[in-house]
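Dock chain B against chain A, hints included.
Chains as they are written, first to last, in the working numbering: chain A, 1 to 257; chain B, 1 to 242.
Honestly, the hints are just simulated from the structure, not real lab data.
Built from N, CA and C at the ideal position, the CB exists for glycine as well.
Mixed in with the good hints there might be a few duds.
Calculated cross-link-like contacts (lysine to aspartate or glutamate; reagent style DMTMM-like; alpha-carbon spacing at most 20 angstroms) [unchecked claim]:
#1 Lys77/B <-> Glu161/B
#2 Lys32/A <-> Glu75/B
#3 Lys107/B <-> Glu125/A
#4 Lys31/A <-> Asp57/B
#5 Lys38/B <-> Glu73/B
#6 Lys69/B <-> Glu35/A
#7 Lys32/A <-> Asp72/B
#8 Lys77/B <-> Glu35/A
#9 Lys111/B <-> Asp244/A
#10 Lys31/A <-> Asp74/B
#11 Lys137/B <-> Asp94/B
#12 Lys111/B <-> Glu38/A
#13 Lys32/A <-> Asp94/B
#14 Lys159/B <-> Glu38/A
#15 Lys11/B <-> Asp57/B
#16 Lys115/B <-> Glu38/A
#17 Lys107/B <-> Glu35/A
#18 Lys69/B <-> Glu37/A
#19 Lys31/A <-> Asp22/B
#20 Lys111/B <-> Asp57/B
#21 Lys62/B <-> Glu117/B
#22 Lys107/B <-> Glu117/B
#23 Lys111/B <-> Glu35/A
#24 Lys23/A <-> Asp72/B
#25 Lys206/B <-> Glu228/B
Simulated DEER-style distance windows between Cβ atoms [as the list claims (entries may be wrong)]:
#26 Phe8/A <-> Thr225/B: 50 to 60 angstroms
#27 Arg41/A <-> Lys111/B: 26 to 36 angstroms
#28 Lys10/A <-> Asp72/B: 28 to 38 angstroms
#29 Asp72/B <-> Leu188/A: 52 to 62 angstroms
#30 Lys113/B <-> Ile167/A: 50 to 60 angstroms
#31 Ala132/B <-> Ala245/A: 55 to 65 angstroms
#32 Ile15/A <-> Ala132/B: 15 to 25 angstroms
#33 Asn230/A <-> Lys159/B: 56 to 66 angstroms
#34 Lys159/B <-> Phe40/A: 24 to 34 angstroms
#35 His81/B <-> Ser220/A: 39 to 49 angstroms
What follows is each chain in one-letter form.
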Amino acid sequence: MMPEQSRFSKTLFYIAEQAYFLKSFFRNAFKKGFEWEELFRQSYIIGYKSIGIVTLTGFILGIVLTLQSLPTLKEFGAVSYIPSMVSVSIIREIGPVIIALICAGKIASSIGAELGSMNVTEQIEAMEVSGANPVQYLVVTRILACTVMVPLLTIFADAMALIGGFIASKLSVGISMQLYFSKGLTILEYSDVLPAVIKTIFFGFTIGFVGCYKGFTANSGTASVGLAANSAVVNSSILIIIIDAIVVQISNSLFYS
Amino acid sequence: MEKVIEIQGLKKSFGKAAILTDMCLTVNRGENMVVLGKSGTGKSVTIKCIAGLLTPDEGSLKVFGKEVKEMDEDELKAMRHRIGFLFQGAALYDSMTVRENLAFPLKRVLKLKDKQEIESRSMEVLEAVGLADAIDKMPADLSGGMRKRMGLARTLVLKPEIILYDEPTTGLDTITSKEISHLILEMQERYQASAVIITHDMNCAKITGDRVMVMNGGRCEAEGTYEELENSNDPFIQSFFK
Numbered sequence: 001m002m003p004e005q006s007r008f009s010k011t012l013f014y015i016a017e018q019a020y021f022l023k024s025f026f027r028n029a030f031k032k033g034f035e036w037e038e039l040f041r042q043s044y045i046i047g048y049k050s051i052g053i054v055t056l057t058g059f060i061l062g063i064v065l066t067l068q069s070l071p072t073l074k075e076f077g078a079v080s081y082i083p084s085m086v087s088v089s090i091i092r093e094i095g096p097v098i099i100a101l102i103c104a105g106k107i108a109s110s111i112g113a114e115l116g117s118m119n120v121t122e123q124i125e126a127m128e129v130s131g132a133n134p135v136q137y138l139v140v141t142r143i144l145a146c147t148v149m150v151p152l153l154t155i156f157a158d159a160m161a162l163i164g165g166f167i168a169s170k171l172s173v174g175i176s177m178q179l180y181f182s183k184g185l186t187i188l189e190y191s192d193v194l195p196a197v198i199k200t201i202f203f204g205f206t207i208g209f210v211g212c213y214k215g216f217t218a219n220s221g222t223a224s225v226g227l228a229a230n231s232a233v234v235n236s237s238i239l240i241i242i243i244d245a246i247v248v249q250i251s252n253s254l255f256y257s
Numbered sequence: 001m002e003k004v005i006e007i008q009g010l011k012k013s014f015g016k017a018a019i020l021t022d023m024c025l026t027v028n029r030g031e032n033m034v035v036l037g038k039s040g041t042g043k044s045v046t047i048k049c050i051a052g053l054l055t056p057d058e059g060s061l062k063v064f065g066k067e068v069k070e071m072d073e074d075e076l077k078a079m080r081h082r083i084g085f086l087f088q089g090a091a092l093y094d095s096m097t098v099r100e101n102l103a104f105p106l107k108r109v110l111k112l113k114d115k116q117e118i119e120s121r122s123m124e125v126l127e128a129v130g131l132a133d134a135i136d137k138m139p140a141d142l143s144g145g146m147r148k149r150m151g152l153a154r155t156l157v158l159k160p161e162i163i164l165y166d167e168p169t170t171g172l173d174t175i176t177s178k179e180i181s182h183l184i185l186e187m188q189e190r191y192q193a194s195a196v197i198i199t200h201d202m203n204c205a206k207i208t209g210d211r212v213m214v215m216n217g218g219r220c221e222a223e224g225t226y227e228e229l230e231n232s233n234d235p236f237i238q239s240f241f242k
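Just chain B, same shape as in the assembly:
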């Protein structure tokens, strides 16, 4: 199976604080990989390294078979066209309407000029996330769950091959969390995208994850399917499932 992300021995420090100590991760095409871990174990740093937002200190990080640190500016840009990133707070452009939020990457990244094409692509993703009625709303007028959906729509509008989810259900109630988790699964089926899902939410991990990885101290502690890890005898792994 084609590996879209390959990470080996990744290290990243901020000042004296070593965040990633020996991170290893592999994601296959079309697969949802869930990354679990306590706060501060380097989950978000890992996906920011994958997106090229942070530069690792050591180790190998290949996306679509190409080493990220060896990419020049144009190659990095081209790689980012194929990657979507759903931020924890959705990171919607708050001075723009939902319509403008969706048009922004279409105009600048895909260089689309035809208003009708922009409109139809925007509506397609809004319908996919169930937000077609909110097209003229401002982000401030959306609820937490709607903001996440909208963030996902903006991520999907460029039809990415990999989606990086940074705690997609954090701050949401149980019902909305489940809805978002099912939406992630639906998007995987509909768009055939691979995904790295960072979460603390075990329900989300169970619903969305083809494979689950547990991080501890900046490295991979255990990896397997949800059921395999649930049946692990390791007390640390067990602590996530209790």
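Same shape as in the complex, but just chain A:
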């Protein structure tokens, strides 16, 4: 329990606690007795059970981006740029960030609430006292499942957004499928795809880490379960935006300078 301290000391304590939690994750990730079964179960829960919301979000994103851009592009006589514009903006930026934020809302809150509730009802202590390793069973599996599944969900959502963009373009300007996808995909370069995929790995790790940390450190009382879920969403969303800004800077300096 944290002793009464100044705001500065509390911040330092908070950072140190997270650093310790991160160290604990890496130490347990490579320990003997890896929980493969739980990893697959979590991957199913995090990945498969998020497909619905990710499909809908990606699909609508593609439609909305196309419909919003069309009037302006028409004004400049650049309607033919629609497929390239949609594909580059979705794959480089909008897809990864929006899907990560959606996953933060769905997954980080669920992990925060689940582990928070286990913490409050002493289930985590019960695991620890029985000699089992709660970090290995609960934390490592969830963080790794998020790190793997969020990039896959983003790739899937990007594909859905391109399909949504195509349907909107087809209905608005009558573009053919072959032309839409050839223009949309040939414009993409290695420098568009690689940084986007890399950042989604960081987004996934952040979602899992923040959710687990908030759940594991929830105080006693049912209110803290809600608080853990809430702060897991808020903190992971903020971190996603910060990571995005950092990755954009790095990828710009690597590929476009």
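Below, chain B alone, put in the same frame as chain A:
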């Protein structure tokens, strides 16, 4: 007689609040030690220190003759294999069935892989607590008394040498409380385990306790058999028996 738990001058604070001020406790092998005390006197903190869930600030805490604060991670794990902890709310893993709750420590702590052995060990403890029919139920489907029994079964499945009971009868009706108290006694006889039983329930203390200790202000106020304390002239001790 072999002492399985020895606590001398134990201190533990949370921020400015001193919970344990000078705690002393000794538990012999095969003995049931009941710890009584008002809420907030540090009863649960004491057993959490024994299980290594909390680290004391000062004092000596020996389990099986070894100082807990000097144990490394492996030694602490090995000690925990020999200790069972029944939490106040039973702390059943609510996403798992009763069967999975029992298999969890068997697979991870004893590293059992044979399904039949896991099943037979699970059934043995479930039969001991009278819950053999509930093996495929979820914890949410169990009543308060059944949850306590189930918690006890999960504790017993590893055949611990010491069982720490945190208010085993709290929140239960009088009849179920008595059943749980007799079950604790039965488990002591059947498994020859030592126990520290934290309780407010005087019936439970009377039924289960070989010795009873009364805590006040984070330290031991009095210790003796139930009858000795019942006949004490100290008004504070008497207040528990009235």
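Hints, one by one, checked against the model:
1. Proposed proximity of Lys77/B and Glu161/B is supported: the alpha carbons are some 14 angstroms apart, at most 20 angstroms.
2. Only pairs whose Cα atoms come within 20 angstroms are accepted, and Lys32/A paired with Glu75/B is accepted, the gap being roughly 17 angstroms.
3. For a cut-off of 20 angstroms, the pair hint linking Lys107/B to Glu125/A stands: about 18 angstroms separates their Cα positions.
4. Taken as a hint, the Lys31/A and Asp57/B pair is broken in the structure, with Cα atoms around 30 angstroms apart against an allowance of 20 angstroms.
5. Taken as a hint, the Lys38/B and Glu73/B pair is broken in the structure, with Cα atoms around 33 angstroms apart against an allowance of 20 angstroms.
6. Restraint check for Lys69/B and Glu35/A: the C-alpha separation of about 29 angstroms exceeds 20 angstroms, so the hint is violated.
7. As the CA atoms of Lys32/A and Asp72/B are separated by approximately 17 angstroms, the hinted pair is consistent with the 20 angstroms bound.
8. At most 20 angstroms may separate the alpha-carbon atoms for a hinted pair to count; Lys77/B and Glu35/A meet this at roughly 18 angstroms.
9. Annotation: proposed proximity of Lys111/B to Asp244/A is violated, straight-line Cα distance about 43 angstroms (limit 20 angstroms).
10. For the given pair, Lys31/A sits about 13 angstroms from Asp74/B by alpha-carbon distance, which is consistent with the 20 angstroms threshold.
11. For the suggested pair Lys137/B and Asp94/B, the alpha carbons sit about 11 angstroms apart, so the restraint of at most 20 angstroms is met.
12. Between Lys111/B and Glu38/A the CA atoms are separated by roughly 16 angstroms; this keeps the pair inside 20 angstroms, and the hint holds.
13. Taken as a hint, the Lys32/A and Asp94/B pair is broken in the structure, with Cα atoms around 26 angstroms apart against an allowance of 20 angstroms.
14. Restraint check: the Cα-Cα separation between Lys159/B and Glu38/A comes to about 26 angstroms, which exceeds 20 angstroms; the hinted pair is violated.
15. The suggested pairing of Lys11/B with Asp57/B holds, with an alpha-carbon distance near 5 angstroms, which does not exceed 20 angstroms.
16. A threshold of 20 angstroms between alpha carbons decides the hint, and for Lys115/B with Glu38/A the separation of about 18 angstroms falls inside it, so the pair holds.
17. Among the hinted pairs, Lys107/B with Glu35/A is consistent with the structure: their alpha-carbon atoms are about 11 angstroms apart, no more than 20 angstroms.
18. Proposed proximity of Lys69/B and Glu37/A is contradicted: the alpha carbons are some 34 angstroms apart, above 20 angstroms.
19. This hinted pair does not check out: Lys31/A and Asp22/B have alpha carbons roughly 39 angstroms apart, beyond 20 angstroms.
20. Between Lys111/B and Asp57/B, the direct Cα distance comes to roughly 34 angstroms. Violation of the 20 angstroms bound is thereby established for this hinted pair.
21. The hinted pair formed by Lys62/B and Glu117/B fails the criterion: a straight-line CA distance of about 33 angstroms is larger than 20 angstroms.
22. Our distance criterion of 20 angstroms between C-alpha atoms is met by Lys107/B and Glu117/B, whose separation comes to about 11 angstroms.
23. Our distance criterion of 20 angstroms between C-alpha atoms is met by Lys111/B and Glu35/A, whose separation comes to about 13 angstroms.
24. For a cut-off of 20 angstroms, the pair hint linking Lys23/A to Asp72/B stands: about 18 angstroms separates their Cα positions.
25. Between Lys206/B and Glu228/B the alpha-carbon distance is near 11 angstroms, which keeps this suggested pair within the 20 angstroms criterion.
26. At about 54 angstroms, the CB distance of Phe8/A to Thr225/B agrees with the hint of 50 to 60 angstroms.
27. At about 20 angstroms, the CB distance of Arg41/A to Lys111/B disagrees with the hint of 26 to 36 angstroms.
28. Roughly 31 angstroms separates the CB atoms of Lys10/A and Asp72/B, a value that falls within the hinted 28 to 38 angstroms.
29. For the pair Asp72/B and Leu188/A, the supplied restraint of 52 to 62 angstroms holds, since their beta-carbon distance comes to about 53 angstroms.
30. Between Lys113/B and Ile167/A, the C-beta spacing of about 52 angstroms keeps the proposed range 50 to 60 angstroms intact.
31. In this structure the supplied range 55 to 65 angstroms holds for Ala132/B paired with Ala245/A, their Cβ-Cβ distance being about 59 angstroms.
32. Taken as a hint, the range 15 to 25 angstroms is violated for the pair Ile15/A and Ala132/B, whose Cβ atoms sit roughly 50 angstroms apart.
33. Checked against the hint of 56 to 66 angstroms, the C-beta distance between Asn230/A and Lys159/B comes to roughly 42 angstroms, which is inconsistent with it.
34. Between Lys159/B and Phe40/A the CB atoms are about 31 angstroms apart, so this pair conforms to the stated range of 24 to 34 angstroms.
35. Restraint check, His81/B to Ser220/A: a C-beta distance of roughly 27 angstroms breaks the suggested window 39 to 49 angstroms.
Violation of the numbered hints given earlier is confined to hints 4, 5, 6, 9, 13, 14, 18, 19, 20, 21, 27, 32, 33 and 35; the remaining hints are satisfied by the structure.
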